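**Q** The chain contents come next:
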Amino acid sequence: MAFNAYDSTLAPGADEPQIHIREITDDVLDFVLSNTDLSVANSLRRAMIAEVPTIAIDIVQIESNTSVLADEFLAHRLGMIPLQSINADRMKYTRDCSCIQACENCTVELTLNVKCTEDRTLEVTSRDLMSSDPKVLPVLSDPDDQGILIVKLRKGQEIKVNCLAKKGVAKEHAKWSPVSAIGFEYDPHNRLRHTHLWVEEDPAIEWPLSHNAVEEPSDAAYDYKAEPNRFYFRVETVGSLPPEQVFTGAVRVLQDKLGTMQIKLKEDDEPENNGFNAMGDPQDGIFNSQDGWNNF
Amino acid sequence: MAQAENGATGVTADGLEVSTEKVEILPGASTDLTAMTFAIHNEDHTLGNALRHCIMQNPDVEFCGYSVPHPSLQKIHLRIQTLTTTTALDALNKGLSDLYGMCEHMLTEFEDVMRNGDYQIVDDDEATATTS
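Chains as they are written, first to last, in full-length UniProt numbering: chain X, 1 to 296; chain Z, 1 to 132.
Please note: incorrect hints may appear among the correct ones.
FRET-style restraints, in silico, Cβ to Cβ [what the hints assert, rightly or not]:
1. Asp-145(X) - Arg-79(Z): 48 to 56 angstroms
2. Asn-229(X) - Glu-111(Z): 19 to 27 angstroms
3. Ala-221(X) - Gly-65(Z): 24 to 32 angstroms
4. Glu-216(X) - Ser-67(Z): 14 to 22 angstroms
Below, in silico cross-link-like pairs of lysine-lysine (DSSO-like), each with a Cα-Cα straight-line distance of 30 angstroms or less [what the hints assert, rightly or not]:
5. Lys-175(X) - Lys-152(X)
6. Lys-266(X) - Lys-22(Z)
7. Lys-22(Z) - Lys-175(X)
8. Lys-94(Z) - Lys-225(X)
9. Lys-94(Z) - Lys-266(X)
10. Lys-266(X) - Lys-171(X)
11. Lys-94(Z) - Lys-171(X)
12. Lys-22(Z) - Lys-171(X)
13. Lys-94(Z) - Lys-264(X)
14. Lys-264(X) - Lys-22(Z)
15. Lys-22(Z) - Lys-94(Z)
Calculated from the structure, these hints are not laboratory results.
From a predicted model like this one, the values you see are computed outputs, not experimental measurements.
Note that beta-carbon positions come from the ideal geometry of N, C-alpha and C, so glycine has one too.
Just chain X, same shape as in the assembly (with noise of 0.2 angstroms):
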C-alpha cells in the first residue's frame, strides 16, 4: 500500500480506490470510482474540467474581414473550435519558450481564406481551416461531419484571417477546456442527507431516481456518521483528446502539482543540511528563523 500505511487492520487493498467503467464512446467515459474520498473524486474532477492542457486558437491576426461579423466576435468564435490535440503533451507552452511569441515548438499556425464569388450565401465553417500541422486540426465526429459554422459570407464578402494556436488550460480560458460538461453524481438515493428535497406530498413520486440509482441499496437506515463512497463520472469531451486520456491526463497534472511541491519542500530543506547555513542548525531554514515569529 503505497498511500495509506496508518491502519494495519485494513486487509491489504481494503483502502484503495476502484474504478469500473460502464462505457466508453469516441466522446463519453462513463464510470464509477469507489472505495475513496469525496475530496479526491471531486480533485479528479475538478483537474478533468480545468487543468488538462489542450490547444486552441489564442491570437487572430485579421487581414480582410468584410462579413457581417465583428473582427473581435470571429476571433472569438474561432478560439472556440476544438482542435485535435493529442500533440499538446509535447508542445511547449509559449511562456516557458524560448520564442517570444511563436515559434514551431509551441505554436501551430492556421488560416481561413474563403471569398463568395456566387450569388448565393456561404457558409464559412471549421472545414475552411487550414492548418500548418496535420495532427492538429479541427475536431470532425465523423467524415460526414460538415464542422462548425464559423460566418456566412453573401457575394462579395471575404474573411482571410491567420490564427495561432497555443497550448493551454480551461483555468485561464474555457476554450481549452478538454469536456463540455462532467456528469457528477454520489450517493443517488440521498442516504446521507447531503440534498434536501423539496417536496409537496411524496418525494418518492416528485423526485425521480437518476440512472445510478440502481447501483446502490435504498433501503439503509439513515447513518450519520456515513460518508460518500461511490462516485459516478460521466465524462463527455469536446473531442479535441479521446475520453481516457482526459481521465489520465487529469490524474498525471494532479500528481505534477505533488510532484513539484515535494521537490520545492526538498529544496527548501537541503542546503542546510548541507552545511551551506552558517546557524548549522538543520530546522533552521524551514522557518523565518528565529527572529522571524519575535516580528509575529
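With the hints as your guide, set chain Z onto chain X.
**A** Showing chain Z alone in chain X's frame:
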C-alpha cells in the same frame, strides 16, 4: 534576512509584492515544529481539499484544514497541527506522497481496466439510432 531566506519576493507590474516561492511557512509556527500554516502558491481547491484529506488520515495529525484566503489571490493556506511524535512538515510530506501514491494507483487501476476490456463499448451511430 528571514524573508530573503524563506520567502523570496518579487514585485508585479501592478506594484504588488508577491512571493515567488511555491511553499512558504507563515509566521506563527510553534517552536516544537508541531503546528505550522503553509501558504501554497498557485494552487486551489483541486489540490487543497484532497491533500487535506490525505493528511487527516495520519493518526499523528491532530488537526488539518485549508482555506483559500481570498478568491483573487492564487494561493491556499494549509494548517497542520500534529502530536509531538512528528512535525507538521513531515506530516505534509507524508500527505503529499500518500496522495501521489493514490493517484498512481488510480492510473494503474484505470489502465488495467482499459487493457482487460472490462467495459462496454457503445457505437456512436447505434446509440443515436436507438435514441432517435
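**Q** With reference to the structure, classify each hint as holding or not holding.
**A** A quick look at each hint next to the structure:
1. Asp-145(X) - Arg-79(Z): 48 to 56 angstroms: Check passed, 52 angstroms falls within 48 to 56 angstroms.
2. Asn-229(X) - Glu-111(Z): 19 to 27 angstroms: holds (23 angstroms)
3. Ala-221(X) - Gly-65(Z): 24 to 32 angstroms: holds (31 angstroms)
4. Glu-216(X) - Ser-67(Z): 14 to 22 angstroms: violated (33 angstroms)
5. Lys-175(X) - Lys-152(X): holds (22 angstroms)
6. Lys-266(X) - Lys-22(Z): holds (12 angstroms)
7. Lys-22(Z) - Lys-175(X): holds (27 angstroms)
8. Lys-94(Z) - Lys-225(X): Holds, at roughly 26 angstroms.
9. Lys-94(Z) - Lys-266(X): Holds. Lys-94(Z) to Lys-266(X) sits at ~13 angstroms (cutoff 30 angstroms).
10. Lys-266(X) - Lys-171(X): holds (28 angstroms)
11. Lys-94(Z) - Lys-171(X): Within the cut-off at roughly 28 angstroms; holds.
12. Lys-22(Z) - Lys-171(X): Satisfied, since the Cα-Cα distance of roughly 18 angstroms is no more than 30 angstroms.
13. Lys-94(Z) - Lys-264(X): holds (14 angstroms)
14. Lys-264(X) - Lys-22(Z): Holds, because 7 angstroms separates the two Cα atoms, which is no more than 30 angstroms.
15. Lys-22(Z) - Lys-94(Z): holds (18 angstroms)
When each numbered hint is compared with the structure, a violation occurs for hint 4 only.
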